[in-house]
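Turn these sequences into a full structure, and let the hints guide you.
Going down the list, the protein sequences come from chains A and B.
Positions 1 to 559 (my numbering) are the ones given, in order, by the first sequence.
Positions 560 to 695 (my numbering) are the ones given, in order, by the second sequence.
Accuracy of the hints is not assured; some may be wrong.
Straight-line alpha carbon distances no greater than 16 Å define the calculated EDC-like cross-link-like pairs of lysine to aspartate or glutamate that follow [unchecked claim]:
no.	chain 1	residue 1	chain 2	residue 2
1	A	312	A	60
2	A	475	B	660
3	A	475	B	664
4	A	460	B	683
5	A	130	B	608
6	A	130	B	637
If you are wondering where the hints come from, they were derived from the structure by calculation, not from laboratory data.
Remember, it's a predicted structure, so these values are computed and weren't measured experimentally.
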Amino acid sequence: MSKHSNDLKESQAAWNQRREQIEKKSPPRDERFTTLSDMDVPLLCTPDDLDKINFDYVRDLGFPGEFPYTRGVQHNMYRGKLWTMRQFAGFASPAETNKRFKMLLERGQTGLSTAFDMPTLMGYDCDSPKALGEVGKCGVSLSSLEDMEELFAGIPLGEVTTSMTINGPAIVILAMYYAMAEKQGVPKDKVRGTLQNDILKEYIAQKEWLFPIAPAVKLVIDTIEYGTLHYPNWNTVSISGYHIREAGATAVQELAFTLADGMAYVEESIKRGIPVDDFAPRLSFFFDVHNDFFEEIAKFRAARRIWSTMMKDRYGAKNPKSWMLRTHAQTAGVSLTAQQPMNNVVRVAIQALAGVLGGVNSLHTNSMDETLALPTDEAVLVALRTQQVIAEESGVANFADPLGGSYLVESLTHRVEQEALGYIKKIDDMGGMIAAVENGYPQAEIANSAYHFQQQLERKEKVMVGVNKYQINEKKRNIDTLYIDRTIEKRQAEKLRTLKQKRDAARVKACLEKVGNDAKSGVNLMPAIIEAVKAYATLQELCDLLRGIYGEYREAGSF
Amino acid sequence: MNSLNRNQTRVLIAKPGLDGHDRGAKVIARALRDAGFEVIYTGLHQTPEMIIQAALQEDVHVVGLSILSGAHNALVPEVISGIRSAGLNDVLFLVGGIIPEEDFEGLKQAGAALVFTPGTSLEEIITSIDRLAPRR
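This is the structure in structure tokens:
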């Protein structure tokens, strides 16, 4: 490239002059052209931009399936296997969600993904006073192994992969899943799926926490250790940027904070004495795919390059599987509008396409009605079909990293990477991500970005179609929504009451005592919790016990 | 009606229930503070009782309840009736979040003056408070 650079520089300078002449007569539409995250971007990139970053094909890109994985983690990418189409679902009772799961599998979905309601996420049973009005609303209500059994009834766990979005009480829910798989007779190495289990991002963004940070991270490492020893195909943590982004982070902040969270789990696991190559292949990621097409594609490519380099150079991982950043992605919930909701179908399609061009391994496409309520069956179907159209009609799945080599995409990937590394350096200087989160650093950065974006919307510097531009007067929104009726609360509570009557109370008591003792002594809690859930100890019984020992996390209400 | 003195108008922004989505609540708290109101933010995971106590202690003029979990029908009436029965009769109640249109009427009957859904501008919220907040 450099052999052309003199010619190129001259001709580019001349072109620039001509362009400026033209722009004197008809100026550009705007003073600034920026990404969604407010990064200034150039009109045009040329080989000169690649020279500026000392672009080296072999070093910076390599080949698909190989270090540094910029071009994707599989050698033949989507020709071998399409990304997993995994629609997040969960509402009302386990039986109702079970029906939705079966519908999704019948329609060609290839993996399950479970949404739990707020009480479950916070470690409360459905009959807790704190659960008032929340049971089954934002996800499925789950208080005991019995609920877990209902949730997956008739679904062969050895054949599907299951993702569970649970964090604070993740160790208890995972214990229930393992116990249920054992009951179904599924061999441990056939149990496949992902536990979100990323507690750091809860303090940063999603805010569904139970315990103070140190014991909460200890529980995450317990599940990593146990999974590594006994469930070799279970993804122990899904290190999640999604919630960080949705809370208002920029693309770079999402990337940096997520990778920093991942690094914290790696470091804590190594401290526990687990060899890096034993656990790192089972770490997976979960990112947002937002509106800004090229910024998102650059983010995914940069993510893989940074992670592989960190794992190899900083943590000394030798197994290529430890280097790979495998990721699920979900289209951006915050980008959806309640106004003219049909427009959301288009947003989701563009975001999903960016995810696929960014090389994701698994994808959830949001439904058009999700700013109004949980999605209806029909809206979910359109969302799933969007992925199938991209996969099987658009032709993009024929290629590995089709945008690789684009002057723009390579310079943007480099820039996103460098800015993320800048944040990671800052976090290192603070003593690592756990210390940074304790100090509220990522929380404050995200809040600032969220406020900045809202101000840009108010000034119409950023556009949301139908919200701050192209509004129409919508008398009644012409869209059906799913309604969760409140009898669910009573039905679930009644079921739990019956369960408590019929279970072996003495066995529950003994199991809880064992969990308490193990929590105090600091050994891995997983075995004791598995025994307790098998005895039908409830989610809240276990979480209350641990809250009593570890304490509860409280956040200062700053804004 | 006389114009509102923003710096003597106390606004409580509250997050009832177990919902952790606080992006909107924090953005609005900050915007109201920047607009000159006195703003108190409860932080997350508040029971109705905790919010009622905060409203009474701070003798607030406005309570903004942010709920994205779908629990609004249970939580909003409890907070409003608690504050009113404790004697703060003129408080302006605003609700924001993911609220289906079918529920607007019920929330208004419970005492919420306005329900704001995603896409509402900060400007609209600020002018609503200017217009409707009690003058004490």
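Here's how the hints hold up against the structure:
{"no.": "1", "hint": "312(A) x 60(A)", "verdict": "holds (15 Å)"}
{"no.": "2", "hint": "475(A) x 660(B)", "verdict": "holds (11 Å)"}
{"no.": "3", "hint": "475(A) x 664(B)", "verdict": "holds (15 Å)"}
{"no.": "4", "hint": "460(A) x 683(B)", "verdict": "holds (15 Å)"}
{"no.": "5", "hint": "130(A) x 608(B)", "verdict": "holds (11 Å)"}
{"no.": "6", "hint": "130(A) x 637(B)", "verdict": "holds (13 Å)"}
Taken one by one, the earlier hints all hold for this structure without exception.
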